[in-house]
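Asks: In order, the protein sequence lines correspond to chains A, B and C.
Quick note: the first sequence uses our numbering, first residue 2, plus one each step.
Quick note: the second sequence uses our numbering, first residue 4, plus one each step.
Quick note: the third sequence uses our numbering, first residue 295, plus one each step.
Since the hints were derived computationally from the structure, they do not count as laboratory data.
Model, not experiment: these values are computed from the prediction.
Heads up, the beta-carbon is just placed ideally off N, CA and C, and yes, glycines get one too.
Using C-beta positions, here's what the derived DEER-type ranges look like:
id, chain 1, residue 1, chain 2, residue 2, range
1, C, ILE359, A, PHE591, 44 to 54 Å
2, A, PHE591, B, ASP176, 46 to 56 Å
3, C, LEU300, A, PHE591, 48 to 58 Å
4, C, LEU300, B, ASP176, 50 to 60 Å
5, A, LEU622, C, LEU300, 11 to 21 Å
6, C, ILE359, B, HIS181, 35 to 45 Å
7, C, THR383, A, LEU622, 33 to 43 Å
8, A, LEU623, B, VAL101, 15 to 25 Å
9, C, THR349, B, ALA167, 34 to 44 Å
10, C, THR349, A, MET588, 55 to 65 Å
11, B, ASP176, A, MET588, 48 to 58 Å
12, B, ARG39, C, ILE359, 18 to 28 Å
13, B, VAL171, A, PHE591, 42 to 52 Å
14, C, LEU300, A, ALA621, 21 to 31 Å
Some chain C residues near chain B, calculated using beta-carbon distances under 10 Å:
id, residue
15, PHE309
16, LEU331
17, ASN334
18, THR349
Here are the chains, one letter per residue:
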Amino acid sequence: MLTLIVLLPLLGFVLNGVLATRLGGNLVGKPFVTVVGCGLPILSFVLVVKALLDLRAAGFAPIVEIAYRWALIGNSSFEIAFYFDRLTAVMALIVTGVGSVIHIYSVGYMKDDDSFGRFFAYLNLFLFFMLLLVLGRSLLVLFVGWEGVGLSSYLLIGFWFHDLANARAGKKAFITNRIGDAGFLLGMFVLFQAFGTLDMDRLNAAFGGATLPAVSASLVGILLFIGATGKSAQIPLHVWLPDAMAGPTPVSALIHAATMVTAGVYLVARMSGIYLHAPEASMVIAVIGVATAFFAATVAVVQTDIKKVLAYSTISQLGFMFLALGVGAYGVAIFHVVTHAFFKACLFLGAGSVIHALGGEQDVRKMGGLARKIPITFVTFAIATAAIAGIPPLAGFFSKDEILWYAFASTRGGSPLLWGVAAATALMTAFYMFRLLWLTFLGKSRMSHEVEHHVHESPLSMTGVLVLLALLSAVGGFIAVPHFLEAQLPLPEVHEELHHFETPLLVVSVALALLGLAAAAFLFGGTADRVERLRRSFAGLHRWLSAKYYIDELYENVIGKPLVWVSDVVFLRLGDRRLLDGTLNGMAAFGRGSAGVLGRLQTGSLHLYAWFVLVGIVGALLWSWRHV
Amino acid sequence: MIDSLLRNADSVLLLVCAAATLASGALMIVLRQPMRVAMALITTMIFLGAIYGLLGVHFIAAFQVLIYVGAVMVFMVYVIMLLEVRESDGPRYSRLLVPGAAGFVVLLGVVMISIWHPLPLSVGEMGKGAFGIAAFSTAFLGEYWLLFELTSVLLVAAVVAALAVIRVSRDSDNRKRHG
Amino acid sequence: MDRTQLLIGVAVALFSLGLVGVIVRRNVLVMLMCMELMLNGVNLSLVTFAQQTATTVGAVLVFLIFVVATVEIALAIPIVLLLVRDKRTLDLGAYNDLKG
Numbered sequence: 002m003l004t005l006i007v008l009l010p011l012l013g014f015v016l017n018g019v020l021a022t023r024l025g026g027n028l029v030g031k032p033f034v035t036v037v038g039c040g041l042p043i044l045s046f047v048l049v050v051k052a053l054l055d056l057r058a059a060g061f062a063p064i065v066e067i068a069y070r071w072a073l074i075g076n077s078s079f080e081i082a083f084y085f086d087r088l089t090a091v092m093a094l095i096v097t098g099v100g101s102v103i104h105i106y107s108v109g110y111m112k113d114d115d116s117f118g119r120f121f122a123y124l125n126l127f128l129f130f131m132l133l134l135v136l137g138r139s140l141l142v143l144f145v146g147w148e149g150v151g152l153s154s155y156l157l158i159g160f161w162f163h164d165l166a167n168a169r170a171g172k173k174a175f176i177t178n179r180i181g182d183a184g185f186l187l188g189m190f191v192l193f194q195a196f197g198t199l200d201m202d203r204l205n206a207a208f209g210g211a212t213l214p215a216v217s218a219s220l221v222g223i224l225l226f227i228g229a230t231g232k233s234a235q236i237p238l239h240v241w242l243p244d245a246m247a248g249p250t251p252v253s254a255l256i257h258a259a260t261m262v263t264a265g266v267y268l269v270a271r272m273s274g275i276y277l278h279a280p281e282a283s284m285v286i287a288v289i290g291v292a293t294a295f296f297a298a299t300v301a302v303v304q305t306d307i308k309k310v311l312a313y314s315t316i317s318q319l320g321f322m323f324l325a326l327g328v329g330a331y332g333v334a335i336f337h338v339v340t341h342a343f344f345k346a347c348l349f350l351g352a353g354s355v356i357h358a359l360g361g362e363q364d365v366r367k368m369g370g371l372a373r374k375i376p377i378t379f380v381t382f383a384i385a386t387a388a389i390a391g392i393p394p395l396a397g398f399f400s401k402d403e404i405l406w407y408a409f410a411s412t413r414g415g416s417p418l419l420w421g422v423a424a425a426t427a428l429m430t431a432f433y434m435f436r437l438l439w440l441t442f443l444g445k446s447r448m449s450h451e452v453e454h455h456v457h458e459s460p461l462s463m464t465g466v467l468v469l470l471a472l473l474s475a476v477g478g479f480i481a482v483p484h485f486l487e488a489q490l491p492l493p494e495v496h497e498e499l500h501h502f503e504t505p506l507l508v509v510s511v512a513l514a515l516l517g518l519a520a521a522a523f524l525f526g527g528t529a530d531r532v533e534r535l536r537r538s539f540a541g542l543h544r545w546l547s548a549k550y551y552i553d554e555l556y557e558n559v560i561g562k563p564l565v566w567v568s569d570v571v572f573l574r575l576g577d578r579r580l581l582d583g584t585l586n587g588m589a590a591f592g593r594g595s596a597g598v599l600g601r602l603q604t605g606s607l608h609l610y611a612w613f614v615l616v617g618i619v620g621a622l623l624w625s626w627r628h629v
Numbered sequence: 004m005i006d007s008l009l010r011n012a013d014s015v016l017l018l019v020c021a022a023a024t025l026a027s028g029a030l031m032i033v034l035r036q037p038m039r040v041a042m043a044l045i046t047t048m049i050f051l052g053a054i055y056g057l058l059g060v061h062f063i064a065a066f067q068v069l070i071y072v073g074a075v076m077v078f079m080v081y082v083i084m085l086l087e088v089r090e091s092d093g094p095r096y097s098r099l100l101v102p103g104a105a106g107f108v109v110l111l112g113v114v115m116i117s118i119w120h121p122l123p124l125s126v127g128e129m130g131k132g133a134f135g136i137a138a139f140s141t142a143f144l145g146e147y148w149l150l151f152e153l154t155s156v157l158l159v160a161a162v163v164a165a166l167a168v169i170r171v172s173r174d175s176d177n178r179k180r181h182g
Numbered sequence: 295m296d297r298t299q300l301l302i303g304v305a306v307a308l309f310s311l312g313l314v315g316v317i318v319r320r321n322v323l324v325m326l327m328c329m330e331l332m333l334n335g336v337n338l339s340l341v342t343f344a345q346q347t348a349t350t351v352g353a354v355l356v357f358l359i360f361v362v363a364t365v366e367i368a369l370a371i372p373i374v375l376l377l378v379r380d381k382r383t384l385d386l387g388a389y390n391d392l393k394g
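If we strip away everything but chain A, and leave its shape as in the complex, we get:
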């Protein structure tokens, strides 16, 4: 049955991909595509729920299902096996649940697009790979899913490939992911060499066993984390996520907010058995996580494209998740994955609704005053914004507060410094999200006249999904995910003496959220010159932030240009042309030269030939002297 969960979206890909695209001659129309494209993921969701009930009935003992034996090499056998336990249940519910509703949203959003069928085919393909990733038992199956979601992401980012910039963004995403995958592969090699198996449950058990394993847990931990850095857009491989906003908005919501980018978080949480014994690696994860969160939040404050703000927000929230993983609170990180999926998907889809209403406008400087014109979008967007800012009792508050608490007090690396940076980031999060809300929906309209005339609310397929996700953002915090996962992913110990800080820190979290809201309301609720004055006084800082700390330019100049130079000068001109071609041409020239020299012996003069005979006879006689 687990196999069926995975294969249903694949069936959707095949059907839509062959019949609904130019490949099959556009045999079927939009209704067929809608039914197949949305129906199969919904069916998968139902099956996941059923699997969860089966799991509960079995006392939460993991369900293992071996689908196919892939290879038998020597003594090791590699199977495609699926594994269902608590963690898998949570992830699979999110993937199929949020995935299905985003599919439904896409029906409305991509209604007028020519490549309607291709879009749903790619979305289903993505879902197939993501389920493979989440349900896989061994790192090998996970890696197949990992690469597959990278492929789908590339296909979907460059969906409107006739614009070259989109294709370039897709390439950037794929290549940056690939760099991270190098670390992932090395980690897999080390693990396989040490334990002879890649099954994740067995690996966790091997690390938790009585005897110390032969390989350093921190080494493996860091290698696997490099892979997670690429996939989950942490420093230094975060550069692809803002560019990935070139894809259609449902893609941004599904792949680059809710599911694919959380694959890195899932990987670390799944391999918690290793990270429990790798304090150095965990510290690295925590530091990079909180640094990424802070850095991305600072950039988000000055972005003017509505989707780019949300993209940097995603990077920042992923940083929070990695911070939680770094201090040992694996269940809390997964909790944040769940709540983030709800509110971030709601935000992205809401942004899509705004863009749809404005006929393609994405610059917030040209928006404003939309609250009355598209009320449903406004309300759902506001709820999701409050959730991400951490205002109780919405979902984001619970998960973010837990992360902050464990960052402060965990015995596995929690420290006030981590808490301080994370709290500052939370303040900025609240600030820029409410800034976005104000600039987009409230205040005076800065839209052009024709755009304003055509503003309309989105169809039911889109608004219905927005309402559902907003509801989940509101009440999702009460799903006690860490408690549910505690049997499998225990929460870390807390320093005894810090126990009494728990309530004060909770109050501080709420205060920070409200402070961010107030600051945004003050700056953006009033006249425009308050912001202008602030911008002018910090002009240099503003420029740096707007240019995203010039990191793309840095990569281009430090890595890109030298690489191109090496390829051109060393490999092409020196290596290929001069060395290889030169050697071949040199050999040919040598042959021709020596032939020319020897050819001069052939003068056509018989006298010369006879003279050579004489010389030969003399030579033979002389030689016979020595050997007789």
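Take the given structure of chain A and dock chains B and C to it, following the hints.
Replies: Only chains B and C this time, still in chain A's reference frame:
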């Protein structure tokens, strides 16, 4: 003195014939006109025949004169006369005169040095295996009958080839006249 | 020096003279005649050695050389004739079609 001369007559005669052979051989290289060169060659061959006779193989000496001089050189002289070669027909020597002469000296020197020590094969006395034509013919037609047959095949092939050459020359003549 | 050495010396000298004649002389017919001289030299050496054994094999070989020389001349001269008719000269300097 005449006594010792007469006593070693065959050695003296052999020496004289050898010297004569060499002299006429050297003359061949030096003379300018081809007809004179042919005469020198004939002289060489006849003296060689004399040497064979002195060695005791009379029938081979007869063959030498009969076949070599009588057939081969006559044919050669005939061709020289046919081609009406004149005196002033270009330079006598090729460009490789000096290298050729040098090579000659070297070759001669090397071989002379090689044979200076008594050759290992001089087991028997000179004239030991002197035999007449009867013994030769018996052996030729008896023991070496295969070589005899091959000889006849070779001669037939030569005749056919000669006829073919006539045909080729006639065809090329026709083509030149009517072409 | 004994007879064998003398005769072998003569034979080798004749052969060398013939070879040098081929190298040095320009007239085609003279070259052919020098080749005959070479054959004669070889013949002499063969007779010298064969004459020392009691068998007739040497004589048979000598006879075969006679036959071969005859056949060779019988064909070489017509070929030379055809060539000369084409080039209109007996000078070997004109016969360099094998060049290159």
